[in-house]
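Sequences listed follow chains U and A, in order.
Here the numbering used here is used: the first residue of the first sequence is 1289, the next is one more, and so on.
Here the numbering used here is used: the first residue of the second sequence is -16, the next is one more, and so on.
In short, the hints are calculated from the structure, not lab data.
Note that the coordinates shown come from a computational prediction; the quantities given were computed from them, not determined experimentally.
Careful, some of the hints might be misleading.
[Said to hold, decoys possible] Below, a list of computed lysine-lysine pairs in the DSBU-like style, where the Cα atoms sit at most 35 Å apart:
1. U:LYS1428 with U:LYS1358
2. U:LYS1476 with U:LYS1329
3. U:LYS1459 with A:LYS41
4. A:LYS205 with U:LYS1367
5. U:LYS1459 with U:LYS1428
6. A:LYS101 with U:LYS1459
7. U:LYS1428 with U:LYS1413
8. A:LYS205 with U:LYS1476
9. A:LYS114 with U:LYS1318
10. A:LYS205 with A:LYS114
11. A:LYS32 with U:LYS1428
[Claimed, not checked] Beyond 12 Å from chain A on every Cβ pair, some chain U residues (computed):
12. ASN1308
13. LYS1318
14. SER1339
15. ARG1348
16. LYS1358
17. GLY1365
18. PHE1392
19. PRO1393
20. LYS1413
21. ALA1433
22. ALA1453
23. ILE1483
24. GLY1489
25. ALA1521
26. PRO1523
Note that beta-carbon positions come from the ideal geometry of N, C-alpha and C, so glycine has one too.
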Amino acid sequence: MNQPNAEAPLGGADAMIAMNHVEKWYGEFKALTDINLAVRKGERIVLCGPSGSGKSTLIRCINHLEGYQKGEIRVGGTKLGDDAKTIDAVRREVGMVFQHFNLFPHLSVLQNCMLAPMRSLGVSKAEAEATARQLLGRVKILEQAEKYPAQLSGGQQQRVAIARALCMRPKVMLFDEPTSALDPEMVKEVLDTMIALAEEGMTMICVTHEMGFARQVANRVIFMASGAIVEEAPPEEFFGNPRHERTRRFLGEILHKH
Amino acid sequence: MNYTLDFTPVIEGMPALLMACLGTFGLALGGMALAIVIGVGGVILRDSKIAPVRWLVKAFVELIRNTPFLVQIFFIYFALPLAGVRLDPTPTAIIALGINGGAYAIEIIRGGVQSIGKGQIEAGLALGLHKAQVFRLIVLKPALRAIFPSLTSQFVLLTLTTSVASAISAYELTSVAQRIESDSFRSFEVYGTITLFYLVISWVMMRFFAAISTRYFSYPVK
Ligand SMILES: Nc1ncnc2c1ncn2[C@@H]1O[C@H](COP(=O)(O)OP(=O)(O)O)[C@@H](O)[C@H]1O
Ligand SMILES: [Mg+2]
């Protein structure tokens, strides 16, 4: 796996995602403070931190599910503004997987995967179906293609959600605690899917507390607290020699739990 | 109690009564179609970015839901001509029914839309769909499913309310019945008969809606 280059210039030529001095408020409440983050093509970032530290807010700013008030976010060279045009451009390149899957209940698994390519990219029905079947095969759930979300287990639903996002052929995938809503026995199937995706070279930002996954897959692990990035290091260093007291405390708590 | 039943006028008037059922259906269908348009449009405008638009929709809903239907239909039929808008009884009745049903539909549909989790909308947006597409392709069907029982009973109510249009002599079942009754003085027989007619109409509609529900809203949910 690539060695991370912590010195990568922010917003440099090979930055897939660049966040420069990003600040976000929810009304009076400051949710993100001076976020600087550059993610290169093919890089895999794990984002962790206590609940309420701003992890979701950070990744939701990248595809503009949340707006931000200060700084700059670039995705694949597009500067993310407040206008529909750049937001559209960015959303077509960035896939997102949610904690609660958010599959569309009234559409079959196959239709879930075909909807956005057809309606957003204007792909033909035949092509959308071929892509959907291919990617459902890749997450090993093709045999459930005609079923509805409610007929699947949580782990299966999350794998469909991953396939659905991949059907847009994104350049980046964002994961917001994709395994936290799952029964323990289903966590592995989803993590395995994510690992396979990482091995294929997908650029990924994963909010997760699965530290085994972080060790195995991440180029860098980022620890957030109170809306700021506290520590950022390759996994060996992050787990072996955390520099900040808050990181140590956090790791102590969650490694103890697992 | 010395009333002898005599159904002769009803039997003689039967073809006219049956034809009038078509008039009732026409008013009901027109009213429902308009109510759906107003309902869906109103829900979209109800959450418009422009504040006065939101207020207008809210005011409309309050106005319609807190005034009698008979007054509304009289207003359109008798008062609007003073402002230069003159409509025949049938279009008047359809518009009044559509406006009235639409005001209720806005609130009902809105409840359905609000029952759809934020996560559904976010998933659609994250997939690159526009707000309007998210509404049409993702929110609408599950929302309609959630409210289908209340929306359809509102529609049955709207259908029965067509009888109020007899007050402006629109062509429908009650006004035809009134005419037969005033010619024959057979109130019990005439109104008893159309009571049964309305009962059958309601029942047929409910079966029809139930069939739609099984056809379109039978996807499994947890
Ligand atoms: N829509 C919102 N409105 C107001 N405050 C919010 C909103 N979303 C999140 N917050 C607040 O922002 C902070 C960060 O939230 P979040 O990014 O969800 O944290 P995390 O994902 O790390 O648990 C929390 O304090 C949360 O209460
Ligand atoms: Mg979160």
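Starting from the hint list further up, note which numbers the structure goes against and sort them upward. Result: hints 1, 3, 4, 11, 15, 18, 19, 22 break, sorted rising.
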